[in-house]
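Chemist: One-letter residues, chain by chain:
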Amino acid sequence: MEKPEKGAGGGRSRDARGEAGATVNRRDFLRVVAVAGGAAFLGTAADAEALYDLSGWPDRMGMLTDLTECVGCRSCEAACNAANRLPAPEVPFDEKSVFEQKRRPTANAYTVVNRYEPPKSGNPVYRKVQCNHCEEPSCAAACPVRAYTKTPEGAVLYDKDVCFGCRYCMVACPFYAPAYDYESALEPRVVKCTMCHGRVKAGGVPACAGACPMGAVVFGKRKELLSVARDRIRKHPDRYVDRIYGEVEAGGTSWMYLSGVPFGELDFPTKLPGKPIVENTKGFLSAVPLVLTLWPALLGMCYAANRNKEEKE
Amino acid sequence: MNTDYLVKADTFTARFLDKLTMGMPLSEYARRLVTPFNAVAAVLLSLGLPLIGLRFWKGLATVTHASNEYPWSILLGWGLFSGVPLSATGYVMATAVYIFGFKKYHPLVRLGVLTGFMGYLFAVIYLLIDIGRPWRIYYPMAVSFGPTSVLFLVAWHVATYLTVQLLEFSPAILEWIHARRTRRWAILITVAMTIAGVILSTLHQSALGALFLMAPGKLHPLWYSAFIPVFFFISSIYAGFCMVIAVSTVASRYLRDKADGQFLDSLDGLTVGLGKGACIAMFVYFALRVIGVAHDDNWALLATPYGYWFLTEIVLFVLAPCVVLTVGVKHRSARIVRAGAFHALAGVVLTRLNISILMFNWNLPGHFQAIVPPVREVLIVLSIITLHILIFRWILNRMPVMREDPAYQEEPH
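Those protein sequences? They're chains A and B, same order as listed. Every letter in the first sequence is one number past the one before it in my numbering, and letter 134, counting from 1, is 134. Every letter in the second sequence is one number past the one before it in my numbering, and letter 72, counting from 1, is 72.
For reference, chain A alone in the conformation it holds in the complex (with noise of 0.2 Å):
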């Protein structure tokens, strides 16, 4: 059976086909259902849908990171760790040894370096972690305190002041972004990245940005950066594998990636949705107000039934 679409386009249609019979009398009646019962209703319906798809704020800002470009001198992590005053590294932010291990981001450092030697590739690529500052984040979607924003600039910032440590914001988020301070007691945090917003609101460029020797990762409007990476490869189509890791990734994301070599060889999550995350949860979450409003009376139903029966007894 044909659902009525949408106002009374789906009644349109109908008559384009010059369906006859007892049919059209039925879908007469469903197009009469649709008008009556939410011409007015639906049409308010779909002014909000179209509210609804937004594409993000105009003007925010992000980053490229162009992986061929990266000579692992980890001027990057000892901006970083200057920038946000983190406590001094373990072993010195010139020491190489560093790589040997796969790290990831922690309370301590909002960014870390690795190193991968991927078979096809003579040189070893390093590879940049931080926040990506997703266009929809997770970490935003699934905190129930709210803890989490998207700033208009791109940033994805989190207010401790709120968060009272559940780390659901770590097990949504898809990039193992989020460090959280394990070795605190009674003051934990959630810990990454803030892509420097003080910063840039002030007008200047992130720190690890600023102080890249290669240029290899650097900052400015989403858009334009996204037509900078395209342009790289396009240009260069055998120094780069033709994709712009982040441009969808998760519904897309602030800091994006440049690379020579398969990004999967390199430890990034390939297998991701190229839709926000919280897509996945819509469907239940608008199955709860369902269940609020039809179990009370179906279960009260019940309860009237069974007395009925009783009071026959």
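The hints are simulated quantities; they were obtained by calculation from the structure and are not laboratory data. This structure is a prediction, so every number in the text was calculated from the model and none was measured. Virtual Cβ for every residue (Gly too), placed ideally from N, Cα, C. Keep in mind that the hints are not guaranteed to be accurate.
What the hints assert, rightly or not - For each label pair, taking beta carbons as the anchor points, the in silico distance ranges come out as:
1. Gly274/A <-> Pro147/B: 39 to 47 Å
2. Ala320/B <-> Pro237/A: 53 to 61 Å
3. Gly204/A <-> Gln369/B: 37 to 45 Å
4. Ala303/B <-> Thr270/A: 49 to 57 Å
5. Glu187/A <-> Thr13/B: 36 to 44 Å
6. Ser227/A <-> Thr148/B: 28 to 36 Å
7. Asp159/A <-> Thr13/B: 43 to 51 Å
8. Ile187/B <-> Gly56/A: 53 to 61 Å
9. Val191/B <-> Leu290/A: 19 to 27 Å
10. Ile391/B <-> Leu290/A: 35 to 43 Å
As the list claims (entries may be wrong) - On the chain A side, residues computed to face chain B include the following (Cβ under 10 Å):
11. Arg146
12. Cys173
13. Ser184
14. Glu187
15. Arg232
16. Gly251
17. Thr281
18. Leu299
Unchecked claim - Below, a list of computed lysine-lysine pairs in the BS3-like style, where the Cα atoms sit at most 30 Å apart:
19. Lys58/B <-> Lys160/A
20. Lys235/A <-> Lys201/A
21. Lys221/A <-> Lys120/A
22. Lys160/A <-> Lys120/A
23. Lys201/A <-> Lys282/A
24. Lys309/A <-> Lys58/B
25. Lys221/A <-> Lys275/A
26. Lys103/B <-> Lys312/A
27. Lys58/B <-> Lys258/B
28. Lys120/A <-> Lys102/A
29. Lys104/B <-> Lys276/B
30. Lys276/B <-> Lys258/B
31. Lys150/A <-> Lys120/A
32. Lys223/A <-> Lys282/A
33. Lys223/A <-> Lys150/A
34. Lys235/A <-> Lys221/A
35. Lys150/A <-> Lys275/A
36. Lys309/A <-> Lys104/B
37. Lys102/A <-> Lys58/B
38. Lys160/A <-> Lys150/A
39. Lys223/A <-> Lys201/A
40. Lys104/B <-> Lys312/A
Given the coordinates of chain A, work out where chain B should sit on it, guided by the hints.
Modeler: Frame of chain A; chain B shown alone:
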């Protein structure tokens, strides 16, 4: 005037002590506490409770294997994700009796509601140890709202449902302290509280599964399914029935003198009936799990080691206990049904641990080393389980749960 006051206080103290020691002189009561079970309990508590102290002194890092990749450890894998379905007892029993009219199960309702209430209370206790700043646990309810979060729903529902279950159990407490008039009020709200309980349970049991919808790619695809909320809800129904069978089995065996004749005489027959209910839910659940594989076209994954583990779970821990229960129901054998119920409960816990721990981050290097809990965390869990059992026993020993108080037999229930 002063002496009057003292006499009064003295009677109150005496009555109070009488309640606590179950009418025995203090020395007699103390003597009876010396049992092998209590000795083991004392050892576990003396090991585990200081470790909980350590968590609040030196941080979670000193007691759990939780890490930046594995934010949730067995404190939640066991305490929340396994504990909540095992506590579905309250809503399934109250609904069966008060809404669907299966009146003959009435002797088991209070035991079911108490099991549920205690289960949720302890789920919250595990949470309070695990979360970073437990004194902010009310923040989702009062300070900052995150309605896009499935966990926001869980927080609200668990808090509300804990209150609902306390109200549902309150008649037993009120009978214990002889508050006849208040008890009448508590009885009046039974049906409303039962319906509230089903709504809240439907939503948060399924929401515990929906939490993992945010982790595609982290949870193995055989366990990640759009149906996961339904899986969690349906499995909570049979977990509830089986848990009532399990708890009544243990309680009627070890606290036989606290149950009345009606409870003990009807127990075997009611156990078979509950087994029947569990069977139906389990067949539905098994079918849904298979449909889940078909829905995502994951058949090929069944021929991998993870697939064998998946098959172990749904065949040996869902279908097999379901068959045992069916045989027990056919032969009207409470013994077989009890065996099937314990088996099914092991399956529920296995599924929840699979989803929250074993199959979470399955593709990270070093996964199976990372999920082994440290001894300290195991001791914490064991000590909380011990505390749970002790408090449960304390209540069963004192309040009319497995028996009807003769003084209230004429009153509405």
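Chemist: May I ask which of the numbered hints given earlier this structure violates, with the numbers listed in increasing order?
Modeler: Failing hints, ascending: 1, 4, 15, 16, 20, 21, 22, 23, 24, 27 and 31.
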